[in-house]
Every structure is written in C-alpha cells, then in structure tokens.
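When you get a sec, could you build the whole thing from the sequences and use the hints?
2 protein chains.
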Amino acid sequence: MRLSRYFLPVLKENPAEAQIVSHRLMLRAGMIKQAQAGIYSWLPLGFKVLRKLENIVHEEQIRAGHIPMLMPTLQSADLWRESGRYDDYGQEMLRITDRHGRDMLFGPTNEELITDIFRGHVSSYKDLPLTLYHIQWKFRDEIRPRFGVMRGREFLMKDGYNFDLTKEDALHAYNRHLVSYIRTYERMGLQAIPMRADSGPIGGDDTHEFLVLAETGESEVFYDSKVTDIRLGEREIDYDSVDQCRAVMEEFTSLYARTDETHDEAVFNQIPEERRRSARGIEVGQIFYFGTKYSEPMGATVQGPDGKPVPVHMGSHGIGVSRLIGAIIEASHDDKGIIWPEGVTPFHCGIVNLKQGDGEADAACDQLYAALSAIGLEPLYDDRNERAGGKFATMDLIGLPWRITVGPRGLKNGVVELTSRKTGESVELSPEEAVKKVADIYAPHHPHLSREEPMAGRSFHTWL
Amino acid sequence: MRLSRYFLPVLKENPAEAQIVSHRLMLRAGMIKQAQAGIYSWLPLGFKVLRKLENIVHEEQIRAGHIPMLMPTLQSADLWRESGRYDDYGQEMLRITDRHGRDMLFGPTNEELITDIFRGHVSSYKDLPLTLYHIQWKFRDEIRPRFGVMRGREFLMKDGYNFDLTKEDALHAYNRHLVSYIRTYERMGLQAIPMRADSGPIGGDDTHEFLVLAETGESEVFYDSKVTDIRLGEREIDYDSVDQCRAVMEEFTSLYARTDETHDEAVFNQIPEERRRSARGIEVGQIFYFGTKYSEPMGATVQGPDGKPVPVHMGSHGIGVSRLIGAIIEASHDDKGIIWPEGVTPFHCGIVNLKQGDGEADAACDQLYAALSAIGLEPLYDDRNERAGGKFATMDLIGLPWRITVGPRGLKNGVVELTSRKTGESVELSPEEAVKKVADIYAPHHPHLSREEPMAGRSFHTWL
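Residue numbers (my numbering), protein chains in the order written: chain G, 546 to 1009; chain Y, 546 to 1009.
Hints are computed from structural coordinates only; laboratory data are not their basis.
Do not take every clue at face value.
Pairs count within a copy or across copies, as identical chains cannot be separated in the list.
[Stated by the list, open to error] Each computed DSS-like pair below joins lysine-lysine, with the alpha-carbon atoms no more than 25 Å apart:
| hint | residue 1 | residue 2 |
| --- | --- | --- |
| 1 | Lys982 | Lys967 |
| 2 | Lys578 | Lys683 |
| 3 | Lys683 | Lys597 |
| 4 | Lys671 | Lys578 |
| 5 | Lys712 | Lys853 |
| 6 | Lys982 | Lys957 |
| 7 | Lys671 | Lys557 |
| 8 | Lys967 | Lys881 |
| 9 | Lys671 | Lys900 |
| 10 | Lys712 | Lys671 |
As the structure is a computational prediction, the values presented were derived from the model and not from experiment.
What follows is the structure in structure tokens.
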C-alpha cells in the first residue's frame, strides 16, 4: 500500500479521553474512531489487524478439528427464557423489541442458540464428538465502557461449543481448546497464562481464564513465577490424542496461577517465597466445562449406544478477538508507539523514502515495493512529500516491525537501511539483501509464501 | 474435510415454510437454520460459501483501489437526526434504547456514520479521492420476512462510500464501482445486469441496480435482449483510467435495461420487437451518486485548491452478500439440488467411496484426498458407512461441481470416475489424471495454487 492512497488519520496529540496506553495508541495510530460510548469504527489499519487476529483464530480452531459457522447477532428472548438466563442476566444484556413487539436481544454469548441448533439436528451419539464455533460481534451494555476496545460494548468474540457423550470426552474437548488457545496466543506474540478462575454467569465446575500480564490489567492475579517459563512453541500436537492434550494441559496448569476470584492464600504460601508473584492481568479468553447445565433444561439429548436418550456434556470456550488488540499493544509498545509482533502486524515492512521526487530514490522504493509484494508480503510505502522526521514518527507510531529507509546518499553506496522497530538497530544492506532478510523473518509466519517467483494477485489473498 | 467429522445436517423432506427453490435447497443442504423470523444461523456449509463470496468482494474492491474498514452494527440515533433520516425512516429501522436511555439503531446502511468519520479526519482536497467500504451485518425490520436469506431481516452487505472533490471525480468513482461489481458477479458465476433504477431513501440522481434474471425475482425488469450478450471477461482494467471505466460503463448501460420503477414504455418500444424482453430479476447490488446530499447537512467539507471549503461529492455502493447466495442458487440448480459455480463452491471436489471399509477403496480415497489437499484444494470426502445411492444424493444436493467416485471395480482397472454436477457426464481416469483435471479446472479461480508441491498448512488459508 502506498500511504498517499491509504486512509491513515494519525493524531499528533494525545486524546484526552484515553486513560490507558493501548487506547491512546489505537486512536493516535488511526486504528479506531469512537462512534458512541464503547462502540468503535475500525479504521483501515485497525481493521487489518483485527482481520489478522481473526484469521489466526480460524486457522488454529480448524487445526484442532473445530468447525466454523456463524450465528446471528440478534437472538430470540424465548430461547433465553428456556435456559432461565433471560431474567438472570442484568442490565448488561441489550434488550430489543421488534416492530411486532417480539422480545429480542443482542447476543452477549451463544450457549442457548447453539444448543437449539444441536437439538434440532443431532440425535445420535454416532454424530459426536462435535465442536462448533463462530466469530461474531457481541454486545454487553457496560455501565461505564472504558479503555477503548478493551472494555467496549460492541466487541468481536470467538465462541466455541463442544458436544460430547461423556464427561471424559468433554474434558478432552476442554484440553483441546486449552492447547489451541495457547498456540493462538503464541502466534500473536503473546504469553497468556491459563489461570483457575470463577465460572460466573456461564456456570460449570471447570474453567480457566487466559491472562496476559500487564499493569493495566483489570484482574489481580497470583502465580508461581515458573509458570512464565513454559512455552508450547513449535511442537506438533495430535488434537485427537487424549494423552497429548492432557499432558499439555497439565504442564500449563499444574503450577499455581489464579485470579483473585479463586486465589487461596494458604496454597499460595506453599510456593517458595522467591517465586511468589502477584500482578495484574488482562483476560483474553476463557474455557468452561459445564456438563449438562444447558442440555438438560433445553432437551439436547442424543440416543446413546444402548438406545436410551442422554443429555450431552458441553463446554464453551471464548477468545476476545477485538480486546486482544488492546492486550497486544499493552504488552508491546514504547514511548514512540506500537511495536507489532510479526504474526499480527498490519503491514510487514515500512518503506521510507527520504527524498521523495528524487529519481533514483523513487525508483529504488518502487523496486523494493514490487519485490516485497511479489513474494507475497505487504509493504507500506510512505511516498508522501513529507520530511524524514515526520515519516519516521508515523512509522514508529503505527509500529511495523521492520522499516527500510531509502535515501540518495545510501544509494550512492548501493545500500538501504533495514531497521528493527523493537531494538531500533539498523543494518546497511543492498536492496536485494534487505528483501531477502525481510522474507526470511516472515517465513515462519507465512509457510505458503513464495520465496522464488512472483505470484499473481497473491497480495489480495492476505484478506482471505 | 471428511464428512464423518463434519456437521452437514441435510434434510430429506422439503421444509414446508420454504416457498422458493433457494430457500428450500439451503435448508435441505444444511446451509442455514432459521433462528427467528428472517434471522438465520449459517451452518458450516453455508458459512463457507458466505465467506467465499465475502473474499471475492474484498479482492475486487481492493483491486479497484477501495479501502476496507469496519463500522459497528449499532449506530447513534443522533447522527441520523443530523441527516434528517431518523424520522423519515419508517418501521423497517430497528430502534434500540440502551441502559442509559440513549437512542440507538441497528444500522440498515452507513451514509451518516461514514460521513462523520470523514469530516472528523479529512480536511484537504489533497486527501481525495477516497473510497472506503466495509462488509457488515445490517438489519431491516421487514414486516413479512420471507424467501430465506433473500429477504431476511439480519443480512450481510458490502457498502462503500466515495468522497470526491468534484462531480466529475465522483462519477469516475461511480463507474469504477460499476466495473468492479460486474467483475465480482462474473467471478461468482452470475450475470447481473446494471439497470437504471430509482434511488429510494438513499437519494440522488444517478443510480443503477444490478439484477440477476430469475423467475422468483422480486422486480419486474424490461430490457433489450442484446444486453445479455455483454461480458467483462478477463480483460485488464486500469481502475485509475477515467476513460477505461467510462467505456465499460457505457458498454454495459447504453442498451435499454430498466426496472419497473424507471421503465418507459415509449423508449422501450423503440427497441426492435424481437429484442424486447420483460422478465423478473433479483437485486444483488446498487450504486448511487448523490452529490452533496449528506456532506452539506453534515458539514463534510474539504479545503479546495483555492483555500475555500467545499462540500464533498459522494456516492454509496452496495452488494447484498448474503442474498447473493440465494440468487446464485436461483440461477444455478436442478431438481436434484444446488449446482455451485466453481468460483464459489464450498468444497472443490467431492470424493465418494462406493465401498467404505474395502482396503483398496479406502486407500485410494485417502490418496486422492491427500493429493487434492496438497495442491491447495479442499475435497469433501464422504467416508460414511452409507450406501452409494445416499452418498450420491447428498453430493447432488449440496452441489459440488465435481465428484470423484471410487469403487473396487474401477480400481481393478486402475480408474476412478470424474463426474460433472452440471452435465452429469462422467469420465474414467486414473486417480492421478483425475487430480490433474480437477487442478486444471480450478486454476483460473486460484492463481496462487501450487501445482507442483505440497504446501504446508495451505488449506487453512482458504479461510483467510
């Protein structure tokens, strides 16, 4: 993308309404604009990141064998009356009446609707196990929405639901979700620690919340510092293997890590003192096993192997997709702006032309742009007639992990400068070497990138 | 995908509530399930098609230089009061009150919100031209929702908005949209004819509606039969070229083609009698130029080259993404079920194992599955223990364009059968030849497909 043709309305001033750094930086980098309290428009740069997160979530859910679908935003009040939650849910549920006077609501979650779909179509244990999920906009009428997309009212969430014949099978689904979530967060450059939590209005016995440590987190958390050393990394997991998934679950959840809701001072004090930590965390996901809490009242049964009807064992599993952007920025920024992890950056590499209008500099930038695009990467080329300082400030603010700087002086020596946003370090390279270096950096994130030949229309597919 | 692990709840009986063929087939093929009147859940197969259409729309809009973003579903009533449309819009607008008593609405369209974003961030003519678009769920509280997703209440729509300094520039944006829309529909296997239409509540002088001819269409249309011979095809269009875009617009709109709203019997009768046609059509998109209708009352001005503020010239442009699925099915089906055009099919190729459990047949199917997946195609393998007749009926119903049938008898002769859903014709081929044939068929739709080597994780990217 050439910046002269893009819509990137960066702000020079810090917006007064933003209390935390992610909110401030998202506004300043032209990622979002508030439409009304707690409701945001995603401007092009913000939408691009949102879409990248959504894609990572889809890829990891599909890898785990979970099946994507899409439920509507508006739901019938009658279904929620069946489960008994219509009256339990307080004012955070946005209640709506249509022109015929029928009660509806903007879904805050989908246990009822998915259970209704299940009971309408599945009748035999032979169709189990089954896990369905969707990524859809939800609404929670927060009394005081704040912190930008971190605590908004309209928010994008992935929620998945497993249906199993037995508790044992459902616990495997629980573990499968835990593994897939850890992989999802790691691909986004985040460490999200699964912590024992409280089940709240969803209900159920088993639940873990995934927390990203950050000073601005809304939850107080307590943990054994050793828990932060664990990584899933690149290991191959067979999601059908009960043992493999359980082993990962145990590895990640055996050490003490709890939110204040389930914190137990006595147990905590058994950790060696030098490893006891209390901190703040941002919730970015939660998994639940709740057995037959919804299937029994709503009649979601299957015929078991013995021919008798049994209510299915269920769980639900959520990832806060839109709030994750806030969490990533809280965890990765400096005083100049955002520092995107490579897995989620909106553009792979910035190109800064130090002397727009200089024939050689323009040509070199065009060639870099073409070369990066040809291998399937998306550069953002600042081709505006601005002074270098302004261009650098914009690139630092929007946080692309890598920047190539092109100027007449360097070109005389046959070099451009490749700079890391994170470390600020620069190396001088020939343009060809710079392209190769950037391609190598992104190879792990894009196994399908062509490294050898241009792929026609390839860059469009980054939207897919 | 292996059918034994998928969620494809096909119905044997015709659902009583479905009056038109697309609604009936979408229910029977397990693509959608009604959640309440005019509101649908998209089951996995339906969601997959929806996502494919969405991707085509994104690709063609980006190709035309338009910039994707995302506005929220809920909007503030105050903005609509500014434009004067809050009171004009009737009961089809779903009005909502939040916990603080603030008036909101579920957006049926976004002229106000996008104009608000524009005026908040753009102040100079130098930032023009600018076209922003999004694909978002919208709501229209139809008094009698019917015909499934064709006339639903919650529907997915692409809407784009151009901002230009002059009427001339805005008309270029209009033409650019017309070209990109024709290309979009053609990629979906549809002929959608641009017809002069009425602007309705959006307002403005220039507007064309895109109609797919179908008996079940809601509009009566009148046209010169020669208009159905025009195709955009594969020609390269430079979307920056005013002349090229205007030439396409003139080519597609010079012949008589109007909806009943603008039909003129006198002009119609000047067409040679044998070319006069009246028929029914399904609206799948509409483009508008409405000048300063929103920019003036809402104060969306830029500083012109002479330093004076001028209201921008705007247009809006919509594609009904969810209803397009209905339109495609209305235009492409037979008495056995859906016939997907290759550009939008949920899976590229079905694999039917005639003798599940037979070692050789199972192995051959597994190899076909692996080979198709390795080149980036998505097969749907019916690996259930069902008789062949049931498997064929399911494949015909869900309408994959190509099917490979594998049985012990054919394998003895080293062949499988490749069958076209459209013609019903079959050819016997070696498994390798069958894979190559299918790859050749899809090559134009997937320029990025690897034809030579497996691409790790590639199939996930069909979700991107």
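Next on the checklist: Treating 25 Å as the Cα threshold, decide for Lys712 and Lys853: within, between, both or neither.
Outcome noted: within (17 Å within a copy, 71 Å between copies)
Checklist entry - Is the C-alpha distance from Lys671 to Lys578 at most 25 Å within one copy, between copies, in both cases, or in neither? => result between (49 Å within a copy, 22 Å between copies)
Checklist entry - How would you classify Lys578 and Lys683 at a CA-CA limit of 25 Å: within, between, both, or neither? => result The answer is both: 18 Å in one copy and 20 Å across copies each meet 25 Å.
Item to check | Status of Lys957 relative to Lys982 across identical chains (alpha carbons, at most 25 Å) | outcome: within (21 Å within a copy, 52 Å between copies)
Next on the checklist: Within, between, both or neither: how does the pair Lys671, Lys900 come out at a Cα-Cα threshold of 25 Å?
Outcome noted: between (67 Å within a copy, 20 Å between copies)
Next on the checklist: For Lys967 and Lys881, with the copy left unspecified, which applies at a CA distance of at most 25 Å: within, between, both, or neither?
Outcome noted: Within one copy only: 11 Å inside, 59 Å across.
Item to check | Intra- versus inter-subunit Cα pairing at 25 Å for Lys982 with Lys967 | outcome: Within. Shortest intra-copy distance 16 Å satisfies the 25 Å Cα cut-off; inter-copy 48 Å does not.
Checklist entry - For Lys712 vs Lys671, is the C-alpha pair at or below 25 Å within one copy, between two copies, both, or neither? => result Only inside one copy: Lys712 and Lys671 sit 16 Å apart there, 63 Å across copies, limit 25 Å.
Checklist entry - Under a CA distance limit of 25 Å, which applies to Lys683 and Lys597: within one copy, between copies, both, or neither? => result both (19 Å within a copy, 23 Å between copies)
Checklist entry - From the Cα coordinates, with 25 Å as the cut-off, is the pair Lys671 and Lys557 best called within, between, both, or neither? => result between (60 Å within a copy, 19 Å between copies)
Every hint from the earlier list agrees with this structure, and none is contradicted.
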